[in-house]
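Asker: Okay, here's what each chain looks like letter by letter:
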Amino acid sequence: MTARSLAQRSIIPGFGLSLGITLSYLGLIVIIPLCVLFFKASDAGWAKLWAELSSARTLAAFRVSFGIAALAALVNAFFGLIVAWVLVRYEFAGRRFIDSLIDLPFALPTAVAGIALTSLYSVHGWLGHPLSLIDVKVAFTPLGILIALIFVGLPFVVRTVEPVLMDFDRELEESAAMLGASRTSILLRVVLPPLLPALMTGFTLAFARAIGEYGSVIFIAGNMPGYSEIVPLLIVIKLEQFDYAGATVIASLMLVASFILLLTINLLQAWARRRQGG
Amino acid sequence: MVDLAHDAEIPGRLPARAPVSPLPLTEPFAARVALIGTAFLFLLVFLILPLIVVFAEALRAGIRAYFAALVEPKARAAIELTLLTAAIVVPLNAAFGIAAAWAITKFRFAGKDLLITLIDLPFSVSPVIGGMVFLLLFGLQGVFGPWLAAHGIKIVFAIPGIVIATLFVTLPFVARELIPLMQKQGTQQEEAALILGASGWQTLLRVTLPNIKWSLLYGILLCNGRAIGEFGAVAVVSGHIMGLTNTMPLHVEVLYNDYAFAAAFAVASLLTLMALATLGVKTWLEWRTGSRVAATRLH
Amino acid sequence: MRIDVRDLTKRLQSTLVLDGINLDIRQGEFLGLLGPSGSGKTTLLRILGGLEFPDSGQVLLNDVDALALGLDERQIGFVFQHYALFNHMSVFDNIAFGLKVRSRRKRPPRQKIEERVRELLRLVQLKEMERRFPAQLSGGQRQRVALARALATDPQVLLLDEPFGALDAKVRVELRRSLRDIHDATGLTTIFVTHDQEEALDLADRVAVINHGRIEQIGTPSEIYESPRTPFVFDFLGRTNSFNCVIENGRVRLGDKVLPVDPGTPDGPAVAFVRPHDIVLSRAERPERTQDAMLPGTAMVRFISALGQRAAVELFYERKLIEAETTREKLNELGLERGDHCTISLRLPRIYSKADADRSAGSDRSQRLHLRFRRRQRAA
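Chains as they are written, first to last, in the working numbering: chain A, 8 to 285; chain B, 113 to 411; chain C, 551 to 930.
In short, the hints are calculated from the structure, not lab data. There could be a bad hint or two in this list.
Covered stretches of chain B, going by a simulated chain A footprint (3 or more residues, C-beta under 8 Å) [what the hints assert, rightly or not]:
hint, stretch
1, 140-150
2, 188-196
3, 218-230
4, 268-277
5, 318-327
6, 391-399
Note that CB positions come from ideal geometry on N, CA and C, so glycine has one too.
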């Protein structure tokens, strides 16, 4: 039987069945549809690809999506580290409660997040109003996109850094202290370096999530082409205009970007595992 | 200078403060306050306030309007469609997750890493693309478009399309929770069961599943949460036909775009309560098992 | 049940794990598979149990080709190294498992299952534990549950993979007794795998010493201990001192004596293996000549460890470390102390060709490690 030739002969039954189910299901729902996407994109031809790539609107959308996503991931890296530190190292009332809330952006439907953030930062909103007094507009500007992407990426850095911090060997800090290092020195030279792989992994995860984000962003974004329009929205607009060729081309570019990020994440995690094992 | 560490040795004298090691093993008090403060502020702005605003806006027009918005027929249809979708999608993806985890963790074969990456794919692509691929397959201009139209079968802009798009985006959730756990558990108990005379199915049901039940439950929980809350993929595929092809998140969008803010937030609050319930069950599971339930890779 | 193994071979990736194993196991025998880690003994056991498959060769269970049988037809009880108990089931349910999963036709009625489980619990002395869960049991108790579980289905063979590996010394000794008693009570053909020679020699009717996928020797414990056929067997079963010598015309000169060697040992460079307690010491100034072969020159006493009746003496002889063992009385009689010189005589040496000795050189690692540890102890 071909299944048996694939695997080493094993007494555990069900290889053929389980692998068969897995591959057919995966094939039908994920692989074939994505292949169709690439086919249609290549159908569009190089001319269309070039036209899309050089279109000002498309370029602006990519700048907005990727640029603001990177900034949001950076903000999350910084504050996420602090949050993880506070949650792991300090004891205070309500710590467990806050800790379980961290996953909220992960569990909350994106549309709900979208309208909540819009309401919060609109000119009459609880945060938008005081900000408007100092002439800072958040809703319907790229700043709003930034806020939304910070929200969706929040759990990624915290949850990636937390386990590393929890496993952190306090004896490293103690020995550095006994050797005469100041607290700041200990933090920067002894604690931070081992956290770096996890931090970078968290950053990349937040970044990858942010570039594809749709629901949380479109309410607060303003969606003005060339200014506050994100790539997923551009795809939707092209679909509504039946410009399937354009949509597939842009989607393919996004997929390539996602795939590269996926690879980076796997490599980073492998690096982190090697670093931690040492 | 008073040496606090030795205070307790002076007979009859209680230490003024608990003895503190002279080594800098933790941040100075001021720094700690600053860090906790910063963390709190950050979480307040990005977590707590959005949570509160949902309920504040939902109840703005009063409690009666709140419930009216929920029982309104189109809202009810949206709720029913959402629950129906979840009821179809979650068991299918749970079965897939178990099958995939079984194949990947109980056997040795080449290409395992590739398979795991493929399973993770729906998780890392934008949900819009998740909906779009099915538009390309089953839409009027799609690969099967003409054939479907000829036979009067509607997939996109109808319920089947919504189910399939949701199936796509929630596919990895159960598998991702099970695979690391089952890899750690190995095959010894299954071998023991088989040698004692159990069949493959008996082994799966009596030995394997009980060992993974908490992770399975958590994976199903996440899958369910995402199935209910999915927006981007479903938006592309649904056509926004009110009362027919609107799920709860889409209904929220429609209400919001029509300036029916209170009603939109009312439905949103329902979704939020479900999300909070998911978090609650997760916390309970972690308390029950005494460890982090979520697989280490959040991605 | 009788088991016949013919020319069993198995490769894992590029390593030859089993290299033509031939074995005849008798009905009711208690057989030990003894060898270092990586020797293939566990793989052999797993193939016998049906958990793995050989690349070539035959396994016959009562003259029936085992490889063609399904797992449940083999009637084998297997105790895993780490017990593999079902954590979510009680002790009772663990033991009853093999009986409960039988098909409707073959399943005994509930009453009978309960009786059988309780009978087994009595046999392994865990009567009060039936409602407990594995997490609540000690290592030794889990081991006994695993044993009872394997016995529940009335197997014809019992296979145990390193049964005492993870346990404390004291528990190990108790369990050894229990296992012996159970074997005597049931008369079951029992095969166990271990790397602990003391265990193998204590428990088994016969021991098969395995190295690099080959059986070096198989025989009763006294046979293999007193007449080890290869240097590997000698070295694996106890501490070894080796001395170079040369075989000429089927005889070897060792110190002041000329000894015959086993027929079949080729002429040429050879090695004499001697156990520590077979090294006889006498003071250099007053050498005592006996029928033992006295080696030329003297050795210097580097270290003496006298605990109870035994005295272990570490000597430096011709730039090699020698371990000798004698009684406290003899030591006092000789009046030996650190730094003294003494003569070495070899009693009951076993002679092997140098080629054979080199082949098994890899496995005297444990011996060298032991010496290194002792040296460090002294330095501290």
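Asker: Verify the coverage statement for the stretch 391-399 of chain B against chain A, using a C-beta to C-beta distance below 8 Å and requiring 3 or more qualifying residues.
Answerer: holds (count 4)
Asker: Under 8 Å between beta-carbons, do enough residues of the stretch 218-230 of chain B, three at least, approach chain A for the coverage claim to hold?
Answerer: As far as the stretch 218-230 of chain B goes, the hint holds, because 8 residues have Cβ atoms under 8 Å from chain A.
Asker: Confirm or reject the coverage of the stretch 140-150 of chain B by chain A under the rule of 3 or more residues with a beta carbon closer than 8 Å to the chain's beta carbons.
Answerer: It holds, with 6 qualifying residues against the three required.
Asker: Counting residues of the stretch 188-196 of chain B with a beta carbon closer than 8 Å to any beta carbon of chain A, are there 3 or more?
Answerer: The restraint on the stretch 188-196 of chain B is violated, since only 0 of its residues have a Cβ under 8 Å from chain A and three are required.
Asker: With a Cβ-Cβ cutoff of 8 Å, does the stretch 318-327 of chain B contain at least three residues near chain A?
Answerer: With 0 residues close enough to chain A, the hint is violated.
Asker: For the stretch 268-277 of chain B, does the count of residues with a C-beta closer than 8 Å to a C-beta of chain A reach 3?
Answerer: violated (count 1)
Comparing the model with each numbered hint stated earlier shows that hints 2, 4 and 5 do not hold.
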